[in-house]
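Can you make the complete structure from the sequences, with help from the hints?
The sequence shown begins at -18 in my numbering and counts up one residue at a time.
Among these hints, one or two may not hold up.
Okay, the calculated beta carbon distance ranges per label pair [said to hold, decoys possible]: (1) 5 to 244: 49 to 59 Å; (2) 258 to 61: 32 to 42 Å; (3) 5 to 229: 43 to 53 Å; (4) 330 to 352: 22 to 32 Å.
Calculated pairs, BS3-like style, for lysine-lysine (alpha carbon to alpha carbon, straight line, at most 27 Å) [unchecked claim]: (5) 293 to 277; (6) 221 to 193; (7) 103 to 84; (8) 62 to 339; (9) 193 to 79; (10) 221 to 271; (11) 271 to 27; (12) 285 to 378; (13) 271 to 293; (14) 285 to 37; (15) 351 to 37; (16) 193 to 103; (17) 271 to 285; (18) 339 to 47; (19) 350 to 378; (20) 339 to 285; (21) 148 to 104; (22) 27 to 221; (23) 351 to 285; (24) 351 to 378; (25) 27 to 9; (26) 22 to 9; (27) 202 to 47; (28) 193 to 104; (29) 62 to 193.
Read the hints as simulated data drawn from the structure, not as lab findings.
Idealized CB from N, CA, C, for every residue including glycine.
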Amino acid sequence: MKKNLLLILPLLLLVSCQETSEHTPVLKNTKERQPIIIVNKNRHLKIPEFWIDQLKEPDKIIMDAKAIQSFNEHTAYTQHKLTFFKDIASNYGSEWVKESIQKSRISLSKTARYFEDGNPIKKQFFEEMQTYSNLNTLPPQSVPTRYALTVNYTNQRIVPTDLALLKKKNQIYFDRNQNSALDIATPIAILHTTADGLWHYGIAPTSSGWIKDSDIAFGDKKSIEGYLSSPNFVVTTAAKTALLIAGEYHDYLRMGVRLPVVMTIDEMSMVLIPTRDEEGDLVIANGTLKTADTHKGYLPYTAKNILLQAFKFLNAPYGWGGMYGEQDCSKFIQEVYATTGIKLPRNSLSQSEVGNNKTELMNVPTEQKKEMFSKFEGGKTILHLPGHIVLYLGEYKGEPYIIHTVWGSSKRHFALGRTAVTALSFNDYIQQVDRATVIQQ
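What follows is the structure, given as structure tokens:
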């Protein structure tokens, strides 16, 4: 008996002393799929200053206002990934409008299979959506543009309905009809309307789709352009900022929203916001925001500021296309950089294609990738992999680390479903990274 105990004891000591990787989430040693409760064993990884201290020049201006303007213009005019409101045409070809609406609907019909209640989507539904889209009333030659601003947070839909359309049964967190979500004061070029007037199809700065009539206000282009280009403005710097009208809660703004500012008194700032009258016309009104949740003008574009802004989202829920008022991977990146005045496209692939500082990594071996990552700087580099985009932080004990808003399920664990700091080895991402993009001219 003593002999058996002596044989077992070293094995028990070996197992008990085994150190699981510091670079992986805390998971039980079981084959059963489980939730991720603790993402990082090292508590310091969740603090931006930990990563900022590793930067050689955290306060160095990466691009000044003039360079950022040039960067944005390159993204819009050379790469055609943004639409500036001032460049919206007075009319668009009817065939182009029709094809744009139909193309989106047809694409959705090939992926959406179920309603939220689990019932299958039949072909008749998309035929009804085509009829409801009212395309037979488009003018024969061209569509005159109508101009509008959103008056609250609104969902932009691929077909004009609030119904959630799912690819897989019970996959309720991924509404394939959700194209994007727009914050208050987003400019839109309205090009078509359903027969009942409840939905409008329009072009926003980084996406197109259907928006509810009740969520927008119509105005003339000159007035809207003047509102958008006001030299006195604040930008929201909190993950969510409450907007008050007459002292009462009206809505909240996500990070990176720009609004004209009237004055700042102690803890509150008075801003100008778009509202609508009974006829749906634009009326500019006063609203108030917490001054601490804003910055007068854009933040200087430094690696330090980008990291400080990114960590404000830590543990925020994942929201596909802005569902439930949250953000997905690309919207997270877009909002963070928007605080500095940098305008990035809406989807992850387009974001990775901006600028001229890109490193292709598709066929690079993992160990060689690690060596290359060590030369990148945290706060100014984004990494792309199929269907996902992340912000590079730096290295910890030889491992590259990222912060990202991620769904991130696997065979071993359920979805992470939030903004988190992880090693790039999370879910084998390091093998999948195909491009590194430095946000710089």
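How the hints compare with the structure:
Hint check: residue 5 to residue 244, Cβ distance near 50 Å, so the stated range 49 to 59 Å holds. Distance hint for residue 258 and residue 61: a CB-CB separation of about 36 Å, consistent with the stated range 32 to 42 Å. Checked against the hint of 43 to 53 Å, the pair residue 5 and residue 229 passes, with Cβ atoms roughly 47 Å apart. The hinted range of 22 to 32 Å is satisfied by residue 330 and residue 352, whose Cβ atoms lie roughly 25 Å apart.
Under the criterion of a C-alpha separation no larger than 27 Å, the hint pairing residue 293 with residue 277 is consistent with the structure, at around 19 Å. With a CA separation close to 23 Å, the supplied pair residue 221 and residue 193 stays within the 27 Å bound. Restraint check: the Cα-Cα separation between residue 103 and residue 84 comes to about 18 Å, which is no more than 27 Å; the hinted pair holds. The hinted pair formed by residue 62 and residue 339 meets the criterion: a straight-line CA distance of about 16 Å does not exceed 27 Å.
Pair hint residue 193 plus residue 79 holds up; C-alpha atoms about 19 Å apart against a cutoff of 27 Å. Simply put, residue 221 and residue 271 have alpha-carbon atoms about 11 Å apart, close enough for the 27 Å limit, and the pair holds. For the given pair, residue 271 sits about 26 Å from residue 27 by alpha-carbon distance, which is consistent with the 27 Å threshold. Only pairs whose Cα atoms come within 27 Å are accepted, and residue 285 paired with residue 378 is accepted, the gap being roughly 21 Å.
The suggested pairing of residue 271 with residue 293 holds, with an alpha-carbon distance near 16 Å, which does not exceed 27 Å. The straight-line distance between the Cα atoms of residue 285 and residue 37 is roughly 11 Å, inside the 27 Å bound, and the hint therefore holds. With a C-alpha separation of about 19 Å, the suggested pair residue 351 and residue 37 falls inside the 27 Å cut-off, and the hint holds. For the hint linking residue 193 to residue 103, the alpha-carbon distance of about 24 Å falls within 27 Å, and the restraint holds.
Distance check on the hinted pair: residue 271 and residue 285 sit about 23 Å apart at the alpha-carbon level, within 27 Å; holds. Distance hint between residue 339 and residue 47 is fulfilled; the C-alpha atoms sit about 21 Å from each other, no more than 27 Å. Restraint check for residue 350 and residue 378: satisfied, since their Cα atoms lie roughly 16 Å apart, inside the 27 Å limit. Proposed proximity of residue 339 and residue 285 is supported: the alpha carbons are some 21 Å apart, at most 27 Å.
Simply put, residue 148 and residue 104 have alpha-carbon atoms about 15 Å apart, close enough for the 27 Å limit, and the pair holds. The straight-line distance between the Cα atoms of residue 27 and residue 221 is roughly 19 Å, inside the 27 Å bound, and the hint therefore holds. With a CA separation close to 23 Å, the supplied pair residue 351 and residue 285 stays within the 27 Å bound. Taking the CA atoms of residue 351 and residue 378, the gap is near 12 Å; set against the 27 Å cutoff, the hint holds.
In summary, the hint linking residue 27 to residue 9 is supported, as the alpha carbons are separated by about 21 Å, within the 27 Å threshold. Restraint check: the Cα-Cα separation between residue 22 and residue 9 comes to about 13 Å, which is no more than 27 Å; the hinted pair holds. For the hint linking residue 202 to residue 47, the alpha-carbon distance of about 25 Å falls within 27 Å, and the restraint holds. Annotation: proposed proximity of residue 193 to residue 104 holds, straight-line Cα distance about 24 Å (limit 27 Å).
Between residue 62 and residue 193 the CA atoms are separated by roughly 24 Å; this keeps the pair inside 27 Å, and the hint holds.
Going down the numbered hints, you'll see the structure goes against none, and every one checks out.
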